[in-house]
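Peer 1: Chain residues, written in single-letter form:
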Amino acid sequence: MGKTENQKAWFFVLPVFVLVAFNALIPLMAVVNYSVQETFGNNVFFFEGLKWFEEVLHSDRFHASLLRQLAFTGTILAIEVPLGVAIALSMPRRGPWVSVCLVLMALPLLIPWNVVGAMWNIFALPDIGLLGRMLNGLGFNYNYTQQPFSAWATLIAMDVWHWTSLVVLLAYAGLSAIPDAYYQAAKIDGASSWAVLRHIQLPKMKRVLTIAILLRFMDSFNIYTEPFVLTGGGPGNTTTLLSIDLVKMALGQFDLGRAAAMSIVYFLIILLLSWIFYAAMTREEGRS
Amino acid sequence: MKRLSWLVPFLYVLFLLLPIYWLVSMSFKTTNEILGAFSPWPRTFTFDNYIKIFTDRTWYSGYINSLIYTTVNTVISVVVALPAAYAFSRYRFVGDKHLFFWLLTNRMAPAAVFALPFFQLYSAIELFDTHIAVALAHCLFNIPLAVWILEGFMSAVPRQLDETAYIDGYRFWRFFLRIFLPTIAAGVGVTAFFCFMFSWVELLLAKTLTSVAAKPIAATMTRTASSSGYELGLLAAAGTLTIVPGAFVIYFVRNYIAKGFALGRV
Amino acid sequence: MARIALDGLRHSYLPQPQRPEDWALKQLDLEWADGGAYALLGPSGCGKTTLLNIISGLVRPSEGRVLFDGVDLTDVPTDKRRIAQVFQFPVVYDTMTVYDNLAFPLRNRGIAEPEIKAKVHEIARMLDLDSALARRAAGLTADGKQKISLGRGLVRSDVNVIMFDEPLTVIDPHLKWQLRSKLKELHQRTRRTMIYVTHDQTEALTFADKVVVMHDGTVVQVGSPVDLFERPQHTFVGHFIGSPGMNVLPCEVHDGTALFAGHRLPVQNPPKQPLNGQRLEIGVRPEFVTLAPEGLPVRIAKVSDGGRYRVVEALHDSQRIKLLVDEDASLPADTAHLRFDPGHTRLYADGWLVS
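Heads up: the sequence lines are chains A, B and C, in that order.
Take our numbering: the final residue in the first sequence is number 288, and no numbers are missing along the way.
Take our numbering: the final residue in the second sequence is number 266, and no numbers are missing along the way.
Take our numbering: the final residue in the third sequence is number 355, and no numbers are missing along the way.
Just so you know, these hints were derived from the structure itself, not from any lab.
Check before you lean on any hint, since a few could be wrong.
In silico EDC-like links for lysine to aspartate or glutamate, alpha-carbon gap of 20 Å or less [unchecked claim]: (1) A/Lys187 / C/Asp79; (2) A/Lys187 / C/Asp200; (3) A/Lys204 / C/Glu63; (4) A/Lys8 / B/Asp96; (5) A/Lys3 / B/Asp162; (6) C/Lys117 / C/Asp128; (7) A/Lys8 / B/Asp162; (8) C/Lys184 / C/Asp200; (9) A/Lys8 / B/Glu163; (10) A/Lys187 / C/Asp128; (11) A/Lys187 / C/Asp100; (12) A/Lys187 / C/Asp75; (13) C/Lys26 / C/Asp79.
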């Protein structure tokens, strides 16, 4: 259906534009401003050009936290997306249990992020936490405050716990939008359940899965509060993801210029990756 | 195999409920019991932690603050997103596609980095430590989301509805409020739910933009954790109470949650 | 290829049906001959889709049996029944090409590629899809997609029956006619049994050799289009088929003759035994009512143009009677008399034709 050309539509969009621009552009300009200056306190700034950018791009610290970030995002996407789809597929399509399931599954999404971190912090404590006690009881040597591997596993378990439901909700919404006739036609055509998944369910879920992956990608790249409360980036620097590193640098060491340059680089990375993904998915749609 | 498929969601829900159970169970324990021996359920069942929260002003005012700015933000986001979403779903105009993508990019901005500039911005306009400051700041990510979800719902309404109404002599705003809005009521509900949710769970900006008068409950909690020793029971009770409003809201929109995202477009 | 028999079929979607209206299908015994072109006609909610789904095995009947060539298949799943179905909304596999769509049912049954290729090309030619074989199925128009759905049934040589569930619902009006004649042509070429479900009498009457009319969960008549028009077994058939539908007038019977408002109306089927306590009606199609110098006195209420003829609505007291008159015939200004053709005027008791 063709939309009508109407430039007056801008008036409808104007309040949104003003409010978002106010919140997005002014702070962004401030960040850009910091990123090209040097300060030694007392509000005295010196113009430094692209010095910070060069430093950041060549610093081991940035590379290390970027690598950790990519490993984290990659891992949680690789777990949450297939797991979420599998759970959505095995849920009943109608009946009284559906809303019970959906309400319970949505619960983690509605808990303030620092509470999520605090909750997992006490849940996983090796001495008084249920998870820590159980794991150690089963013979694992588990202590997330001391061992990098335990810390990583806890961090990922927490994110899976926190966000898989979003993928489930989206995938389930995509699934319930498939008309019964498709399943009936597949039955008549003698399709196996693998073929139904491959040729009906996955293609019909593609759009919502795109949304799910994009959201999870963007949000996991920006994750700050939960790991900060859970591990504070430790032990050592082993779970210091990008955002935690940035805040440490900006507020802890008051290294504003470097932090700002790093955050711009990092914003551009998210933007670029999202755009590539977005473009790839929409071009796919254009072809069909 | 089909018989056992209920097992997957069942185990998943169990996994989701375990940490929540631990939090709730801890909130009914005394500090001594928590720090003393490991116990899977409260041995000396106590309401003290909850009583403290409901009688101490610094505690319960945190809840009130959070509820105020979350509600204000939800109202602002939905109200300004409605006409914008209508414009995106019905009209073509200069820059529409770029604007839409730009709105979405605001979810990509690392909030951690923006905290300091936000603090400076809202201090400069003398809104620091007010509810409205947090409500406005949360518009950064909630308005794009609201536009996105509403646009999906509106595009699902056939354009003939608009055309018929205009032919029947409706003026735009009357049509929009009397006919169009009731048609997408479910969408408005879902949008409000998601705005509420993201504003409720966000802490970083809320904490940065407030100190005393508008301090969110989540910030009260972090302060307790560090200043008044390690009062885990109190912390757990406060955490448990932060789940309640969300659970309450989700119950009302349970049948629409799934649809909300399904209809949004990429 | 098979003869399909439905034996004592009853179905309810409720677990414990009690009242008659709990049953979606009330009582059904029906036979479909091999190679026939059938239409299943009835208004929405009459149970025709339920019946179709019972034949295809998507719904298991509460009672009764489904027999293919005398073999009880009631509990045999859909994919083992050797049937094909075209749904109301086109179902195609979006990610596949048209060729792969048509090949899909054969591949699922493990047929060798060369054979598939030959079969797909043959069917694509029949459906005028050969130029689109390499295209993505998702990009086709609604009628193209419906052809693919049909093609997935036609490629299989084992198919006993192809069923259509209101297949033209989403097709543009000017293409409906084309696709309908294509279906008719395909039936004549392949001689497959086809069952076509619709609520549109034109579609049913042009496609089918035999029409099964359903009403309220029961089959009211099975017959050729001519039978349905000339000898409706039930007032519902008279009403539903034909435009305008049959006139149905309340009447009484005295000494074996039917009386409408005190006027004697000779009928083709005078009752042989008394019909006490039943609701009696006279049915006559507007085609068989004429203006006459004498007969039932009426007042002419309305005249409308119906193409080659005019539809006249006449009133006897408050009873409305429709008749057709030639375009150029002169009409009396106000009052007139009607004659009912005795060969086509019939007596109905409780809706059913009196025999």
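Peer 1: Give a verdict on every hint.
Peer 2: Consistency of the hints with the structure:
1. A/Lys187 / C/Asp79: Since the Cα atoms of A/Lys187 and C/Asp79 sit roughly 6 Å apart, the hinted pair holds (cutoff 20 Å).
2. A/Lys187 / C/Asp200: Between A/Lys187 and C/Asp200 the Cα gap is close to 28 Å, so the pair fails against 20 Å, i.e. violated.
3. A/Lys204 / C/Glu63: Not satisfied, since the Cα-Cα distance of roughly 36 Å exceeds 20 Å.
4. A/Lys8 / B/Asp96: 12 Å, holds
5. A/Lys3 / B/Asp162: Holds, at roughly 12 Å.
6. C/Lys117 / C/Asp128: 16 Å, holds
7. A/Lys8 / B/Asp162: It holds: about 17 Å lies between the C-alpha atoms, which stays within 20 Å.
8. C/Lys184 / C/Asp200: 16 Å, holds
9. A/Lys8 / B/Glu163: 18 Å, holds
10. A/Lys187 / C/Asp128: 26 Å, violated
11. A/Lys187 / C/Asp100: 17 Å, holds
12. A/Lys187 / C/Asp75: At roughly 15 Å apart (the allowed maximum being 20 Å), C/Asp75 and A/Lys187 satisfy the hint.
13. C/Lys26 / C/Asp79: 27 Å, violated
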